[in-house]
Every structure is written in structure tokens, then in C-alpha cells.
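J.: The lines below spell out each chain.
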Amino acid sequence: MASILQTALELGLISSLTVLALFLSYSMLNVCDLSTDGCFTLGAVVGAVVALAGHPYLSLPAAMGAGMLSGLVTALLQTKMGIDSLLSGIIVNTGLYSINIAVMGGASLLNMNKTETVFTKLKALLKSTPLSGTYKTVVALIAVALVIAFLTWFLKTRLGLAIRATGNNPDMVRSSSINPAFTTIVGLCISNSFTALSGCLLAQSQKSVNIDIGSGMVTIALASLLIGRAFAGRGGIARKACGAVIGAIIFRLVYAAALRFHMPAFMLKLVSSVIVIIAIAGPYLKSRYPEFHRRMTHRAGKEEK
Amino acid sequence: MLRLTHISKTFNPGTVNEKKALCDISLDVADGDFISIIGSNGAGKSTVFNAIAGSFYTDSGSIFLDGEDITLQPEHVRAKKIGRLFQDPMRGSAPGMTIEENLALAAGKGGWFSHISRATREEFRERLSLLGMGLEDRMQHPVGLLSGGQRQALTLMMATFNPPKLLLLDEHTAALDPATAEKVLALTKDIVEKNALTCLMVTHNMQTALDLGNRTLMMDNGRIIYDASSDMRSRLNVEDLLVLFREAVGKNLDNDRMMLG
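Protein chains in written order, with our numbering: chain A, 1 to 305; chain B, 1 to 261.
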């Protein structure tokens, strides 16, 4: 039981980096970045290849840099080339599939069983301390803490404010003499670097990467983000960011619980889809209820007393 | 100050929806001018503003601001020199961000990675108190919670925080209730005078058009059809304006928001 909880916590923390990426792109920039799946895999494969080459620490910035590049392409397509933002995400996602296989040297699976990674490094470091069993959680926790600290700082800077305003009212950004195309590009580069870091850490923690590691990530992360939003409620950036992380952990806990009750593992993605549908359609349907009620109670063709 | 030379713009050229929105407009605005613009629906009043602000590029002609050719300058670059208010009070500020954050963006102080400093915050508070709406005590509130009038006043302050070379007011009080509209108009007058701003204002209120500023333009069908300034203008009343319009165009001035009083 304890190990199930720990796995959920670990997976939740690692995937919460993707949730934080969507927090930036979806909640702040108002861009639904559908290149998330491919970018997650890109981070995983780049990180794996660099780690396999014997650079466990370098693998993290390398993955983030690759993610940034992918975000740059997605952003350029939608701001400079007239491609719709959803479509540019899909296009980049498709293109990344080939790139990811190319990065893995034509294979669709890489094994890191004997590879040194940040996880094995920390495992060695924590050996014979009380934390030795939780080294994966520790790595993920550090990464999450750094990303949250960065976001809370960054989103209060002038550039961060401009990025938030871009999703809120692009007209106003323009009248503040800032080009919304520029803020979109910066925002997507940063968010995709987090997505890639997330993928990189997941691959290294499970010591293998395959081409499907990121499939469905965008929906899972969106579900986590929306769960987290319900929990965090109103508040500052830090609170909302922590909410996103909690959402990711809750998602994994619920999933782990469902597995205990013999839900087959392949149901994960359906569950995430249903959560996103409920979280987005729920409030909409609720707002439509009065009209529905009116229709039901109105007796057609009869005068009301 | 502002100089338009033979500006033209046609929307959807070569289609059934072709619309000659601006036809060969030339205009010279002197430093410190406050010009009111009136005209019927679709006369091209807002379109002129869009052309000046850079929402689109004109098909022909040139636009000079303070001696600089801005004809092909992107909108966000011109925004450094041009402040603009729209009829819709929601257009000028970001509802999900606080008053302070909105102001910080408009003020544009410091580098990309700078935070709002205590001194800047004090300055915001002082400036907000000038609006007389109590906004200085609500700086941490999201702008989305403000009323239309408060938002328009805030937008006015944001647009003039760093005094622009040119202020464009596009019926900026039309969506407000009469009392609030009057207040925002008084604020506008105050800010324009204090900073000696050059200002163009579209209005649907004929009396306001004559009361405010030093020059009145009348537009119809993408052209400036009448230009009244100085002595001649001071003798005009609303009825004269309507007669002038009928003489120039051959039909009655027709604007569904027009207020004659």
C-alpha cells in the first residue's frame, strides 16, 4: 500500500511539471498547446540519449533546450505563419514523432537499466540515510520546487505580466507597446522546456523510454490542472501553481486507487478524458441549467396564469 | 504634430463587399490641438483612428507623427507614442490581472525582469487617487471586478500614464451611464489640459463636439466634409452643424446614437 502511494506521489510530482507547463500556456497564455505529447517524448528521448552518452546532469538542460526549440517552432507557426494555434500544436506533435525516433537512432525503445542518471546519482548520495527509499520522490520534489519558485518569480516580472496579459487581453498588450507575438513565443518556449523536463525525468526514473511515453499527456495534464484549479480556488500565482501540483498528485492517487479496484491499466487515458470533459463541460452545462429548467416547465401553447 | 497625406483604405477590394472606408483623407493637426470628430454611421471615424494607430496599414498615403513617418510602423511600436481609448471599456485592460499589474504594464518601467517597486506602487496610488474613485485602495483587486466607468477611467489613466504624443478617444464615454460619462469626460479634459496633449475625439454628442476642444471635423462616407476651427467654430451651434451637414452631403445626418442636446 505504502509503495503504491509513493509511486503515485512520484509520478504525480514528475507529471506535475507538465501540468505547470500547461498552467503557463493554457491558463496564462490561453493557448492549448497540443504539441505537449510530442514534446514530452522529445524531452524523454533527448534526456535518455544524453544520459546514455554518459552525461547524467547534462541530460536535464539538454532535454529542456530541446523542448524550448519545439516550443519555439509551435509559437512561430501560430504567430508568424498564420497557422491556427491548435493546428500548429498538432503539426509539431506529428513532426516530433519522426524526430523522436531519429534521436533514438531509428529505434522506438531505449533501455537505461545500467545508465547513470540523476536518479542513480541521488540514490548513491542518499545511501544509508533515512531518505534512501525515496530518492525518486526527492529528485522530483526538487525539480517541482525549482519550477514553482521560478514561475512565482517570473510571472510577477514585467515580461511575466505581459505574458499573462497576452492570454487575457492581447489588445491591451499591444497598447502597452509590447508585441503579443513576442510574449507568446517566450511563453511557449518556457512551458515546453518544463514539459520536456517532465518527460526526461519520467524516462530516467523508469529507466527506459519508448516512443509512446508521452501519448495522452496533454489530456492527463489538463485533467490534473483542472482538478488542481478546483482545489486551489482563488489566490496568487504560488497558490495556483501548488494547486496544479496537488491536482497532478490527486489524479495519480485516484488512478492508483482505481487500479486497486481492478480497473485495467489501459483505462488511464479514458479516465483522464472523462475528467477533462467533466471539468470543462460541467460549469457550462450548469450555466445552461436555468434555460433547461425553463424549457421543461414551460407548457407550450398555453397561457400562463 | 500629426499629418495625414492622401490616406485611402478599401476593405475587401474586388469583392461584392468592397468598401471604400477612407477616401483620400488629408489632415494637419497642430501641437496641442483638441479635435472633435462627428459623422454618421459608417462615416469612417473609427477607421481613421485605426489607420493612425496602425490596426491596419493604409493602401496609399502617408502618416507622420511629430515629424516621423509611421505609415508602415507596427501597431505596438506606434503605441509608445499614441494612447487610445475605445467605446468598449473592457478593451483597454486585462480583467484577470490586478489594477496594479495592469498599471505596471502600461507604465512599462524597468527591464523585462524587473518587479513593481515600492516607489512605483506609491506613484500608482497617487495617480489613482486623482481619479476620485477609491481605486487606490483596491490595487490588488482584479480589474474584472470594476464597473465600466471605473475601468474606462483606469484605461484613461493607463493610456496617459506616460503622456503620449497623441491621444485617440473613440466615443470612449458612449457605453457609460450619463453621470459616469460626465465624470470620465471631466477627467479626460483635466488630463488632456494638464499634460497639454494633442487629442482627437470621436463623439456622438453634438454639443460635446462643440464644447470641447478647438476644432471640429465632420466626416461622411470616408471623407472629411467639414472642418471648423477658431472663430467660425465658436459661433456654431448644434443646429448649424446639422444644416452644414445637409448642405455638404445632401441628406440628413444619420447616427443612431446621435445626441443633439
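Keep in mind the hints are simulated off the structure, nothing from the lab. Hints may be right or wrong, so weigh each one.
Here are the simulated DSBU-like cross-link-like pairs (lysine-lysine), alpha carbons at most 35 angstroms apart as the crow flies [to be verified]: (1) B/K19 x B/K251; (2) A/K127 x A/K114; (3) B/K19 x A/K156; (4) B/K189 x B/K20; (5) B/K81 x A/K156; (6) B/K165 x A/K80; (7) B/K81 x A/K80; (8) B/K165 x B/K183; (9) B/K109 x A/K156; (10) B/K189 x B/K165.
These figures come from a predicted structure and were not determined experimentally.
J.: Could you check the structure against the hints above and give me the numbers of any it violates, in ascending order?
T.: Of the numbered hints, just 3 does not hold.
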